[in-house]
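When you get a sec, could you build the whole thing from the sequences and use the hints?
Sequences listed follow chains A and B, in order.
For the first sequence, this note's numbering begins at 1 and goes up steadily by one.
For the second sequence, this note's numbering begins at 1 and goes up steadily by one.
By construction, these hints were calculated from the structure, which means they are not laboratory data.
Worth double-checking, as some hints may not be accurate.
Since copy identity is lost for identical chains, a pair holds within one copy or between any two.
Unchecked claim - The calculated lysine to aspartate or glutamate pairs, modelled on DMTMM-like cross-linking and capped at a C-alpha distance of 25 Å, are:
(1) K41 x E88
(2) K92 x D37
(3) K51 x E26
(4) K50 x D76
(5) K92 x D32
(6) K72 x D102
(7) K66 x D102
(8) K41 x D10
(9) K72 x E95
(10) K92 x E57
(11) K112 x E26
(12) K72 x D18
(13) K92 x D10
(14) K72 x E57
(15) K51 x D10
(16) K50 x D10
(17) K41 x E95
(18) K51 x D18
(19) K72 x D32
(20) K50 x D32
2 protein chains.
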Amino acid sequence: MVQCTALHLDLSFSALSDATRRGVLEQLSRADASITDLAEKFQMTLTGMKKHVHVLERAGLITTRKVGRVRKCALDQRALATEAEWIEARRKLFEARFAALDAVILEMQQEKNGGPAG
Amino acid sequence: MVQCTALHLDLSFSALSDATRRGVLEQLSRADASITDLAEKFQMTLTGMKKHVHVLERAGLITTRKVGRVRKCALDQRALATEAEWIEARRKLFEARFAALDAVILEMQQEKNGGPAG
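Laid out in structure tokens, this is it:
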């Protein structure tokens, strides 16, 4: 399970490390789009956009489905949930550490001033 | 400014796409550590760990400082803030879209049932 999450985070953070792919996710968070639409929007060849779409799909950030002759892309409903969770957990740890440091500094200041007031 | 954020996100998401580097950030969110400490903890050569530390520092996720003959690593205070912001903004857009879809479905159901109740 941990291994599985680690691989998922490897793939998704790697997918997010490209400005065009982040742009595609932004676009899909507003409306679904075909690969052709996306290629036009990002002034890119169809082959180039297909590669980006593949990376995003492999990372579980988007899903694609064939509608007639067109492949439609949509943001995966669970997209970015694990990533947001991971980042928030790290930030919370870090903030707790700073809060603990602040408490120590306050205590030291109070001792220097001759014990806590009140 | 937008360009600058894009480059920052390229570097930081790329830095986050490796399980060892995520482990180092987790470690540093609990306590500062020297490169030697980190190399031992992750059972890695000093040279290997130096490379990971360089990638994290370049991405603005950690800072390093020389204390005597030892290089100490610490999480950057602003670490993960831009990344969390980016992810949250995308998630909010996406959730708003689903809420709007839900509203349309509800309206259609009410019309089918002969107009809203009350």
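For each hint, the structure was consulted:
no.	hint	verdict
1	K41 x E88	between (32 Å within a copy, 23 Å between copies)
2	K92 x D37	between (39 Å within a copy, 23 Å between copies)
3	K51 x E26	within (17 Å within a copy, 32 Å between copies)
4	K50 x D76	within (17 Å within a copy, 36 Å between copies)
5	K92 x D32	between (34 Å within a copy, 16 Å between copies)
6	K72 x D102	between (51 Å within a copy, 21 Å between copies)
7	K66 x D102	between (56 Å within a copy, 24 Å between copies)
8	K41 x D10	between (27 Å within a copy, 20 Å between copies)
9	K72 x E95	between (41 Å within a copy, 20 Å between copies)
10	K92 x E57	between (30 Å within a copy, 20 Å between copies)
11	K112 x E26	neither (53 Å within a copy, 34 Å between copies)
12	K72 x D18	within (21 Å within a copy, 30 Å between copies)
13	K92 x D10	both (21 Å within a copy, 23 Å between copies)
14	K72 x E57	within (12 Å within a copy, 39 Å between copies)
15	K51 x D10	both (18 Å within a copy, 18 Å between copies)
16	K50 x D10	both (21 Å within a copy, 20 Å between copies)
17	K41 x E95	between (40 Å within a copy, 23 Å between copies)
18	K51 x D18	both (12 Å within a copy, 21 Å between copies)
19	K72 x D32	within (7 Å within a copy, 47 Å between copies)
20	K50 x D32	within (15 Å within a copy, 43 Å between copies)
Hint check: a violation occurs at hint 11 only; the rest are consistent with the structure.
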